[in-house]
Amino acid sequence: MTATASQLDDLRRAIRESDPQLSRFDPLSRIICLDDFDRGMCGWTQLVGNYEDTLDAMLPGYAQHSHAMLSTLPNWDFGSHGGVDGSYALKIATRPKKGAQNVAIKRLTFRKPGPIRLEAYFTFKPEASELALSETDIRSFGFLYDLQIGDSSGPGDRVMPHLRFLNAEDGEHLQKWQFKRRTTPIKPIGTAGKTITHYHLSPDDWEDLPGGEQRLCYNEIPTKVNWHYLRFDFDLAAMQATRFQVNDRVFAMDGFDCVRIPAMKNLWCMLNLAFFAETDTDKRAFAYLDSVCLSGDF
Amino acid sequence: MLPENLTAVVARNESWTGESATEPYEAGWAKEAIVFVRALKEPEGALPKARVQISPDGIRWCDEGSEFDLPAAKDTVVFQRLSHFGNFLRIAATLPEGSEITLLVTFHLKA
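Going down the list, the sequences are from chains L and A.
Here this note's numbering is used: position 201 in the first sequence is 201, and no number is missing along the way.
Here this note's numbering runs 1000 ahead of the position in the second sequence, where the first position is 1.
Be aware that a few hints might be false.
[Said to hold, decoys possible] In the DSBU-like style, the derived pairs of lysine-lysine whose C-alpha atoms are separated by at most 30 Å in a straight line are: (1) L/K106 with A/K1031; (2) L/K97 with A/K1041; (3) A/K1031 with L/K112; (4) L/K194 with A/K1110; (5) A/K1110 with L/K106; (6) A/K1049 with L/K194; (7) L/K224 with A/K1049; (8) A/K1031 with L/K224; (9) A/K1110 with L/K187; (10) L/K194 with L/K106; (11) L/K187 with L/K97; (12) L/K98 with A/K1041; (13) A/K1049 with L/K187.
Since the hints were made in silico from the structure, they are not lab data.
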């Protein structure tokens, strides 16, 4: 690094650390987006499934999805919880049926295939419909990228890194991070030959991240939450994860890999990011995002 | 910054029979809402009025008092204006036996 570049880095760091909104993140040199849900939905929407001619063509995994909300985390027993530094968070709520999932997504493209960093403050909780701790009612909280190389960069793949915190399954409190390399078989949609679908969030094919066991702060009744920090570093040139951190833990990513499927004809330079929740009981699971920072080295 | 303005699809291609309702939706930031309901398929049987419901916690629900006719034919759209609804909002209906309607329900919310 040259002396000028080092000075620029020092100056950038000083400016960011003096800004309370930014100083709790460690972004790369360019901030692609800093989404604080006190400012609104910030471009996060629901993940709708593909279809042609009729919505009946949509896979059931996608048909269950609904719109995320701006929430103050209101509770029947103590009222609104609020976010890390404001009133609102983005709330992703499943339906009250065991195995139900919901997803919030942001759709971008990238301008340089290089390092990117996703950071977020998140928490999760089941709907407090019982006077019980309910710590095994949420199956998982997770996130993913949906990426594809540029149209002139090929050959290459559509690459979908997935990570989920498997909190519990069939009532067993497992508390570990998992990833997946496989999606469901690709299925054509409609008759025009233009659309296909697959359900990459199917409950199958999750694998344990080596060393990925982690006990997160859950608190002591079903309504109190604590916010967690996550950071996921990914290299769009190598299409490989480089670092994953949640709170005080940094996980080795040697054993991690992504879903990799052939590049598709309409998705060049795609950079989608998504967060999801999954319930393990007939009770709604709620995942909350206080804020999300996506940055890149370019 | 412009005030928040959100179109939230809260039920898409859902078939309602018997006691039915949209999932709880939090919109405490919004001062007003319009609920649009479109029938995606030809409804079957007699259709009741849809009811607007509000809730202190998303678990226990009260009728807000607003009622409106469900769309009587495929691709018909109906709407209901709302204000002062607190935070949790949903649309409910009790369909008699043999009746069914497949819906697209959209909340148009403004701060």
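Results of checking the hints against the structure:
1. L/K106 with A/K1031: Status holds; Cα separation ~26 Å.
2. L/K97 with A/K1041: 25 Å, holds
3. A/K1031 with L/K112: Between A/K1031 and L/K112 the Cα gap is close to 41 Å, so the pair fails against 30 Å, i.e. violated.
4. L/K194 with A/K1110: Answer violated: L/K194 to A/K1110 is near 36 Å, above 30 Å.
5. A/K1110 with L/K106: With Cα atoms ~21 Å apart, A/K1110 and L/K106 stay inside 30 Å; holds.
6. A/K1049 with L/K194: Outside the cut-off at roughly 40 Å; violated.
7. L/K224 with A/K1049: Violated, at about 38 Å.
8. A/K1031 with L/K224: Holds - the C-alpha atoms of L/K224 and A/K1031 are around 28 Å apart, at most 30 Å.
9. A/K1110 with L/K187: With Cα atoms ~39 Å apart, A/K1110 and L/K187 exceed 30 Å; violated.
10. L/K194 with L/K106: 23 Å, holds
11. L/K187 with L/K97: Status holds; Cα separation ~26 Å.
12. L/K98 with A/K1041: Since the Cα atoms of L/K98 and A/K1041 sit roughly 28 Å apart, the hinted pair holds (cutoff 30 Å).
13. A/K1049 with L/K187: 39 Å, violated
Checked against the numbered hints above, the structure breaks hints 3, 4, 6, 7, 9, 13 and satisfies the rest.
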